[in-house]
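Listed below, chain by chain, are the residues.
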Amino acid sequence: MRFLFAVLFAFAAVAQQPDYTITPSRGPVAGGTEVRITSREDLGGWPYALIFGETPVPAVLADSHTLLATTPAHLPGTVPVTIFQYDFGIATDLTFTFEGEAEEAFDRLLLPVFVPPIRGAFGSEFRTDLRISLDRSATARVPIYGVMDPKIYGANVPWELDEDPRSLRIEEGFGTPGRFIYVPKGRAKELSMNLRAYDVSRASSNYGTQIPIVPSSAFATDGYSSKIGIIGVPTSPPFRSKLRIYGTPESGAALDVDIEMHGVTEMRRVDLIPTGDLYTPGYAELDLPDGGIVNVWIRVHTPPISALLPAPDIWAFVSVTNNETQHITTITPRP
Amino acid sequence: MIRTLIALLLAALPLSAAHIPYSLSPASGPKSGGTTVILRGTFSNASQDVLFGGVRSPSVTRLDEHTVSAVAPAHFGDAVEVEIFERAVRLPAELTYTYRGDAPFEQFERLLLPIFLPPIQGAFGSEFRTYLRLSGVEMELFGLLPGSTPYPIGPFPTSAPAPNGGTPGRFIYAPKDGVKTLAATLRVADTSRSAENFGTELPIVRASDFVEDVLVLHGVPTDPRFRNTLRIYARDEGLLSIHIESESVSRQVQLRKNDLNDPFEPAYAVFTDFPVGRGELRVTLEGPSARGPSPPIYYLPFWGFVSVTNNETQHITTITRQP
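Here the protein sequences come in this chain order: A and B. Take the first sequence: its position 69, counting from 1, is numbered 69 in our numbering, and each next residue is one higher. Take the second sequence: its position 175, counting from 1, is numbered 1175 in our numbering, and each next residue is one higher.
One should not assume that every hint holds.
In the BS3-like style, the derived pairs of lysine-lysine whose C-alpha atoms are separated by at most 30 Å in a straight line are [stated by the list, open to error]:
#1 Lys227/A to Lys1180/B
#2 Lys1031/B to Lys1257/B
#3 Lys1180/B to Lys185/A
#4 Lys1180/B to Lys189/A
#5 Lys1257/B to Lys189/A
#6 Lys1176/B to Lys227/A
#7 Lys151/A to Lys185/A
#8 Lys1257/B to Lys1176/B
#9 Lys151/A to Lys242/A
#10 Lys242/A to Lys1180/B
#11 Lys189/A to Lys151/A
#12 Lys242/A to Lys227/A
#13 Lys1176/B to Lys185/A
Derived CB-CB ranges, DEER-like [said to hold, decoys possible]:
#14 Thr1061/B to Lys227/A: 27 to 33 Å
#15 Thr139/A to Gly1122/B: 42 to 48 Å
#16 Arg136/A to Ser1126/B: 37 to 43 Å
#17 Arg1129/B to Ser217/A: 28 to 34 Å
#18 Glu160/A to Arg1206/B: 25 to 31 Å
#19 Ala1195/B to Glu160/A: 46 to 52 Å
#20 Ser1159/B to Gly120/A: 30 to 36 Å
It is worth saying that the hints were derived from the structure and are not from the lab. Keep in mind the model is a prediction, meaning the values are calculated, not measured. Every residue, glycine too, gets a C-beta built ideally from N, C-alpha and C.
Construct all of the structure, not just a fragment, from the sequences and the given hints.
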């Protein structure tokens, strides 16, 4: 009887013991955490890698039951950890949580307009076309977060540019209308990008309009003193002029928009609502009144929800579209 | 007699004070500014403004009724006029201050206007004009007016005058402490088609956007309905390679400038020999440090863009490297 209990206890212990453990299971978004994975089974002698979410890193075999690896930089969140052995992945039920703010380890870039095909007036169909390539100066692969459609691939899945493929083209965006993308800090300079909006129904008469890809450094970052000026905007027929304002996703604010025309200033107020999603900028738009050339000044007024919220970083531009030709001109706060 | 003499002397005192000729010392200093200049003359109790070649001194102090000190601001000029104002009234001082040494690049942020030209007549009756509008805190920009004449801007937006000629691009310089407040729009438009489109915004390029090794431009069309122009800029002359995706051989282009000592003129090259009917191409520019020996013999920071112009509508699309 004792023997039977002993066997049952031993069996229960084996059954409860996980196949794999990971230590530690949390670390900073910048990566660099040395993790130890232990396996109940003999790991054998194959070359190993660990995959954090979708980002692989090499792993070394410390002994027949232990793998050691260093975490990659990764956007904040909890991701599954997969052991990659030779040429296949082993699901582990392990997770690793990347802690901290995205900006600690990543550069944030705004795609101001990155939308699916949109049918417009006069038979127009607007599309956005994003191209990214890895420069020859790149020393290693560059993961780019935010360019994979989360509805298809899930959140936080990066596209990795490496020797193959070295370039990426996305002809159907999924922004609302803008989207933030993230590149490991300091590595955006190893990439060449281009974003263009064009009307396919008029592809023979114009090649569209380049839309700026906006680094964080171009945002106004002075909190409640932030101010952006966009000058020389036409607001007369046959043009329609739309002011588009973007904010970082963590916080919101009410914005004062001063529209100055012929020496008279009219003030409008718009709200930027925090989105809570790393990839989705706060967004507000405003049709500018007709009447001539206007200058627009945007200032942070108050937070819309709580004075405890920090003011968002903001950026804005105006799109000027000809009602007949649908040709778009951008007016941005340069330089 | 003595009373008369004293009375004459007392009467003469303010006259002699009013007639102290204006002078300054030292009369020269580095272009980077920072020299404290002592101005002598006769000054009232009002506050003084001192301008060196049109640029306001950042610090003016009235020491006594005959002495004012003013810190010379950074300036690109050589011999410049010094003007003294009291309550917006200009004093009759005819003073000259001479800036010496190298251009004050450290005190300014360099910005490239890739196209900044007088009106140009194009094909099909087109007339292209460039428009530059500026505003910011009160400051002076260099490079927009001929020579080293500063161009003052302020909170109220102004349209900068188009140049009389010269190469397509222009370097302008904004004080580093003011450039963050600068709002500027550069636009090229075909005035003959102003009812159809508002033209095309051109980037205003910071020095930090210049690259030393490789610059890739995506999606350059080779449709014969469009013509492509690749424009390349650098501060100094040098040789660059252009590699077009569909071709196995790189081309060489020489960037040149007319006056090697002109800080406002970029070294410039233009390339238009694109293939036709090859789809959309990637164009790669390589500086001398990209393929040469390691470490490179020299660096040539450069920047370039492609303008794509529809032959019929004359509509222009720019292709630049982003971000």
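Cross-check of the supplied hints:
1. Pair hint Lys227/A plus Lys1180/B holds up; C-alpha atoms about 10 Å apart against a cutoff of 30 Å.
2. Distance restraint check for Lys1031/B and Lys1257/B: the Cα-Cα separation of roughly 23 Å lies within the 30 Å cut-off, and the hinted pair is therefore satisfied.
3. About 23 Å separates the Cα atoms of Lys1180/B and Lys185/A, which keeps this hinted pair within 30 Å; it holds.
4. Distance check on the hinted pair: Lys1180/B and Lys189/A sit about 22 Å apart at the alpha-carbon level, within 30 Å; holds.
5. Between Lys1257/B and Lys189/A the CA atoms are separated by roughly 28 Å; this keeps the pair inside 30 Å, and the hint holds.
6. Taking the CA atoms of Lys1176/B and Lys227/A, the gap is near 18 Å; set against the 30 Å cutoff, the hint holds.
7. In summary, the hint linking Lys151/A to Lys185/A is supported, as the alpha carbons are separated by about 26 Å, within the 30 Å threshold.
8. In summary, the hint linking Lys1257/B to Lys1176/B is supported, as the alpha carbons are separated by about 26 Å, within the 30 Å threshold.
9. Proximity of Lys151/A to Lys242/A is assessed by CA-CA distance (about 29 Å); at most 30 Å being required, the pair is judged to hold.
10. Of the supplied pair hints, the one linking Lys242/A and Lys1180/B holds, its CA atoms being roughly 24 Å apart against a limit of 30 Å.
11. Restraint check for Lys189/A and Lys151/A: the C-alpha separation of about 29 Å stays at or below 30 Å, so the hint holds.
12. Between Lys242/A and Lys227/A the CA atoms are separated by roughly 18 Å; this keeps the pair inside 30 Å, and the hint holds.
13. About 25 Å separates the Cα atoms of Lys1176/B and Lys185/A, which keeps this hinted pair within 30 Å; it holds.
14. In this structure the supplied range 27 to 33 Å holds for Thr1061/B paired with Lys227/A, their Cβ-Cβ distance being about 32 Å.
15. Checked against the given bound of 42 to 48 Å, the beta carbons of Thr139/A and Gly1122/B, roughly 44 Å apart, stay inside it.
16. Taken as a hint, the range 37 to 43 Å holds for the pair Arg136/A and Ser1126/B, whose Cβ atoms sit roughly 38 Å apart.
17. Distance hint check: the CB atoms of Arg1129/B and Ser217/A are about 31 Å apart, consistent with the given range 28 to 34 Å.
18. Checked against the hint of 25 to 31 Å, the pair Glu160/A and Arg1206/B passes, with Cβ atoms roughly 29 Å apart.
19. At roughly 47 Å, the beta carbons of Ala1195/B and Glu160/A sit within the given window of 46 to 52 Å.
20. Separation of Ser1159/B from Gly120/A is about 32 Å and conforms to the stated range, judged on CB atoms against 30 to 36 Å.
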